[in-house]
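Asker: What follows is the residue order along each chain.
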Amino acid sequence: MLKAVIDAETLRDAIEAVSSLVDEVKFTISERGLELKAVDPANVAMVSLRIDASAFEFYQATPGEIGVDLVRLSDLLSMADRGERVRLELLEEERKLKIGVGSLSYTLSLIDPSAIRKEPRIPELDLPAHVTIPGAEFRRAIKAAEKVSDHVVLGVKDDVFYMEAKGDIDALKLTMPSSELLDMKPGEARSLFSLDYLSDMSKSIGKAPEVKLEIGIDYPLRISFRLNEVHVSYLLAPRIEQE
Amino acid sequence: MGVDLGDILGRKKVSIEDLTGSWIAVDGFNTLYQFLSIIRQPDGTPLMDSSGRITSHLSGLLYRMTNLLESGIRVAFVFDGRPPELKAGTLAARAQMKETAEIQLQEAIATGAESFRYAQAATRINSEILCDSIRLLDAMGIPYVQAPSEGEAQAAFMAIRGDVDYVASQDYDSLLFGAPRVVRNLAITGKRKMPRKNVYIDIPPEVIVLEEELTRLGISREQLIDIGIMCGTDYNEGLQKVGPKRALKLIREHGCLEAVLDALGERIDNLQEIREIFLHPEVTESYDLRMKRPRIDEIIRFLCEERDFSEERVRKAAERLNASYRAGQSTLERWL
Chain F
1 MLKAVIDAET LRDAIEAVSS LVDEVKFTIS ERGLELKAVD PANVAMVSLR IDASAFEFYQ
61 ATPGEIGVDL VRLSDLLSMA DRGERVRLEL LEEERKLKIG VGSLSYTLSL IDPSAIRKEP
121 RIPELDLPAH VTIPGAEFRR AIKAAEKVSD HVVLGVKDDV FYMEAKGDID ALKLTMPSSE
181 LLDMKPGEAR SLFSLDYLSD MSKSIGKAPE VKLEIGIDYP LRISFRLNEV HVSYLLAPRI
241 EQE
Chain Z
244 MGVDLGDILG RKKVSIEDLT GSWIAVDGFN TLYQFLSIIR QPDGTPLMDS SGRITSHLSG
304 LLYRMTNLLE SGIRVAFVFD GRPPELKAGT LAARAQMKET AEIQLQEAIA TGAESFRYAQ
364 AATRINSEIL CDSIRLLDAM GIPYVQAPSE GEAQAAFMAI RGDVDYVASQ DYDSLLFGAP
424 RVVRNLAITG KRKMPRKNVY IDIPPEVIVL EEELTRLGIS REQLIDIGIM CGTDYNEGLQ
484 KVGPKRALKL IREHGCLEAV LDALGERIDN LQEIREIFLH PEVTESYDLR MKRPRIDEII
544 RFLCEERDFS EERVRKAAER LNASYRAGQS TLERWL
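So the protein sequences, as listed, match chains F and Z. Under this note's numbering, think of the first position of the first sequence as 1, with each following residue one higher. Under this note's numbering, think of the first position of the second sequence as 244, with each following residue one higher.
Mixed in with the good hints, there may be bad ones.
What the hints assert, rightly or not - Calculated pairs, DSBU-like style, for lysine-lysine (alpha carbon to alpha carbon, straight line, at most 30 Å):
1. Lys185/F <-> Lys157/F
2. Lys143/F <-> Lys535/Z
3. Lys207/F <-> Lys147/F
4. Lys98/F <-> Lys37/F
5. Lys535/Z <-> Lys147/F
6. Lys535/Z <-> Lys203/F
7. Lys37/F <-> Lys559/Z
8. Lys37/F <-> Lys535/Z
9. Lys118/F <-> Lys535/Z
10. Lys535/Z <-> Lys212/F
11. Lys173/F <-> Lys535/Z
12. Lys535/Z <-> Lys166/F
13. Lys255/Z <-> Lys484/Z
14. Lys143/F <-> Lys166/F
15. Lys212/F <-> Lys37/F
16. Lys212/F <-> Lys143/F
17. Lys37/F <-> Lys118/F
18. Lys147/F <-> Lys173/F
19. Lys98/F <-> Lys207/F
20. Lys207/F <-> Lys535/Z
21. Lys203/F <-> Lys98/F
22. Lys3/F <-> Lys37/F
23. Lys203/F <-> Lys37/F
24. Lys559/Z <-> Lys118/F
25. Lys330/Z <-> Lys484/Z
26. Lys207/F <-> Lys3/F
27. Lys212/F <-> Lys166/F
28. Lys98/F <-> Lys118/F
29. Lys166/F <-> Lys147/F
Derived by calculation from the structure, the hints in this document are not laboratory data.
With these hints in hand, go ahead and build the complete structure from the sequences.
Answerer: Here you go:
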């Protein structure tokens with residue numbers, strides 16, 4: 001059972017954080033809220049999302065699972081104006097999700113959860129260094145890096161965080177000493193990542209007041225941030241440096 | 244179509260491996276046209292889905308482009324925009340030719356005669372074919388550029404700026420537009436059926452280097468353009484009984500086209516305007532040539548669910564495409 005009311009923008013932001021990686025997801029419904037874990041078709045990136053019950057203006061649920069086509073859901077949500085409320089109601093018998101916006105009401109057909117790719121296990125990683133920076137700052141650095149290359153190095157040396165993109169002609173470097181960081185755990189870390197994944201992720205990250213980046217040496221990158229009561233965490237596999 | 248300068252230009256046969264690591268701007272219409280005319284069943288019928296929609300171009304895009312990308316070649320498609328006004332004559336003549344071929348094709352099919360060549364000649368690119376192609380390129384993560392006018396001019400411009408290494412087209416017009424290096428037979432490399440014969444021959448890609456050819460022929464690019472105009476371009480008909488060899492001889496003798504025309508007592512309408520199209524074509528600087536991540540699910544949804552392709556084959560190609568895109572990209576499985 002699920003009956004909930006949520007601010008349209010909050011739900012849109014949450015869905016957008018996931019839909020950049022996967023099209024279909026399985027939501028786990030519980031008293032805690034809505035949760036999902038998904039991995040992109042190429043097994044390069046993972047996302048976990050939790051919309052806390054407190055993110056909703058009204059939330060009443062009993063445990064269950066629903067399969068959702070995110071492309072269709074975001075399409076429907078795009079109709080809601082900023083500041084409007086979205087009403088969600090699970091029609092269990094019909095396997096549909098009723099979505100109400102203002103005086104409009106849609107029914108979204110759900111996907112059989114067993115037809116959706118199995119939830120990934122989240123690997124246990126010991127990441128030696130982490131930094132916390134404003135989301136907007138991260139987004140800006142990604143956008144700048146995209147202008148020169150299709151991949152970027154994220155690293156920590158002593159207590160300095162850096163991002164480095166080298167193209168055929170131009171190079172870009174961002175350095176932030178610990179004094180400019182919101183938080184950090186110094187260490188040695190340096191890994192290379194594809195910018196297209198980071199670019200997709202950075203749209204959501206850019207909205208977060210702060211983002212925590214956990215980095216290793218040729219190791220996956222963990223990116224965690226909060227959009228109000230929505231918790232998002234990405235895990236991105238590195239590129240292996242050639243040459 | 245385009246200028247036929249094949250008789251005077253030297254071409255170097257290369258292998259696909261020679262092109263590894265290079266960026267190639269592909270003349271979109273030219274390539275789709277090749278797919279549509281070559282990828283056909285033996286009786287000349289194009290590949291189609293269950294509702295009769297043509298799919299030859301989609302097959303070509305998926306399988307042949309995947310092969311190229313797998314060889315480490317990066318491609319960007321360039322599509323024609325609004326044609327220059329002077330092209331109207333050529334376009335009308337082409338449409339007429341295709342109509343005639345279509346009638347001949349129907350007759351040939353009805354009588355059971357050899358129909359392949361009519362089918363090829365009747366090939367057209369309509370908006371559905373174009374939209375489908377763009378949708379597939381997008382899902383494959385292959386960048387495409389909408390040219391403001393001629394696609395070959397745009398591709399040549401990108402090559403002159405150094406953003407791509409080669410322009411891929413069967414036509415020689417790219418050279419007149421100044422493309423430093425043109426590669427032919429790129430999209431159709433491999434076996435090709437000889438027209439009107441049941442014989443297949445190997446077609447390796449070949450490269451024409453503009454600067455080398457100009458030096459070898461002892462002419463300037465302006466003079467090459469004049470030679471093209473004498474032989475006939477998409478914008479003019481050309482002089483009677485003048486082919487590339489004679490045109491070259493005339494240009495060497497007289498220096499420029501005006502002098503040739505004086506000597507022959509001929510005239511070419513809109514000469515300056517035609518030269519301008521080649522020398523200063525309408526092009527755009529706003530394009531993005533980055534490859535994007537292939538969307539395997541979207542490729543399968545489109546080709547298998549909507550166009551009746553075999554899922555097994557498409558999935559294999561999509562996975563190869565993905566692997567080539569991710570060269571160097573690890574997956575999370577390693578850390579599980």
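Asker: Now, for every hint given, state plainly whether the structure supports it.
Answerer: Hints, verified against the model:
1. Taken as a hint, the Lys185/F and Lys157/F pair is honoured in the structure, with Cα atoms around 11 Å apart against an allowance of 30 Å.
2. The suggested pairing of Lys143/F with Lys535/Z holds, with an alpha-carbon distance near 15 Å, which does not exceed 30 Å.
3. Restraint check: the Cα-Cα separation between Lys207/F and Lys147/F comes to about 21 Å, which is no more than 30 Å; the hinted pair holds.
4. Annotation: proposed proximity of Lys98/F to Lys37/F holds, straight-line Cα distance about 23 Å (limit 30 Å).
5. Pair hint Lys535/Z plus Lys147/F holds up; C-alpha atoms about 14 Å apart against a cutoff of 30 Å.
6. Pair hint Lys535/Z plus Lys203/F holds up; C-alpha atoms about 16 Å apart against a cutoff of 30 Å.
7. Restraint check for Lys37/F and Lys559/Z: the C-alpha separation of about 26 Å stays at or below 30 Å, so the hint holds.
8. Under the criterion of a C-alpha separation no larger than 30 Å, the hint pairing Lys37/F with Lys535/Z is consistent with the structure, at around 24 Å.
9. Restraint check for Lys118/F and Lys535/Z: satisfied, since their Cα atoms lie roughly 25 Å apart, inside the 30 Å limit.
10. With a C-alpha separation of about 26 Å, the suggested pair Lys535/Z and Lys212/F falls inside the 30 Å cut-off, and the hint holds.
11. Under the criterion of a C-alpha separation no larger than 30 Å, the hint pairing Lys173/F with Lys535/Z is consistent with the structure, at around 23 Å.
12. For a cut-off of 30 Å, the pair hint linking Lys535/Z to Lys166/F stands: about 18 Å separates their Cα positions.
13. Among the hinted pairs, Lys255/Z with Lys484/Z is consistent with the structure: their alpha-carbon atoms are about 28 Å apart, no more than 30 Å.
14. A hinted pair counts as satisfied when its Cα atoms are at most 30 Å apart, and Lys143/F with Lys166/F qualifies at roughly 14 Å.
15. Pair hint Lys212/F plus Lys37/F holds up; C-alpha atoms about 19 Å apart against a cutoff of 30 Å.
16. Of the pairs offered as hints, the one joining Lys212/F and Lys143/F holds, with about 18 Å between alpha carbons and a cut-off of 30 Å not exceeded.
17. At most 30 Å may separate the alpha-carbon atoms for a hinted pair to count; Lys37/F and Lys118/F meet this at roughly 9 Å.
18. Taken as a hint, the Lys147/F and Lys173/F pair is honoured in the structure, with Cα atoms around 12 Å apart against an allowance of 30 Å.
19. Using a Cα cut-off of 30 Å, the hinted pair Lys98/F and Lys207/F holds, with the two alpha carbons roughly 28 Å apart.
20. The hinted pair formed by Lys207/F and Lys535/Z meets the criterion: a straight-line CA distance of about 23 Å does not exceed 30 Å.
21. Using a Cα cut-off of 30 Å, the hinted pair Lys203/F and Lys98/F holds, with the two alpha carbons roughly 28 Å apart.
22. For the hint linking Lys3/F to Lys37/F, the alpha-carbon distance of about 22 Å falls within 30 Å, and the restraint holds.
23. Of the pairs offered as hints, the one joining Lys203/F and Lys37/F holds, with about 19 Å between alpha carbons and a cut-off of 30 Å not exceeded.
24. At roughly 21 Å between alpha-carbon atoms, Lys559/Z and Lys118/F fall within 30 Å of each other, so this suggested pair holds.
25. Taken as a hint, the Lys330/Z and Lys484/Z pair is honoured in the structure, with Cα atoms around 22 Å apart against an allowance of 30 Å.
26. A hinted pair counts as satisfied when its Cα atoms are at most 30 Å apart, and Lys207/F with Lys3/F qualifies at roughly 27 Å.
27. For the proposed pair Lys212/F and Lys166/F, the alpha carbon gap of about 24 Å is at most 30 Å, so the pair holds.
28. For the hint linking Lys98/F to Lys118/F, the alpha-carbon distance of about 25 Å falls within 30 Å, and the restraint holds.
29. Straight-line distance between C-alpha atoms of Lys166/F and Lys147/F comes to about 10 Å, which keeps the hinted pair within the 30 Å bound.
Taken one by one, the earlier hints all hold for this structure without exception.
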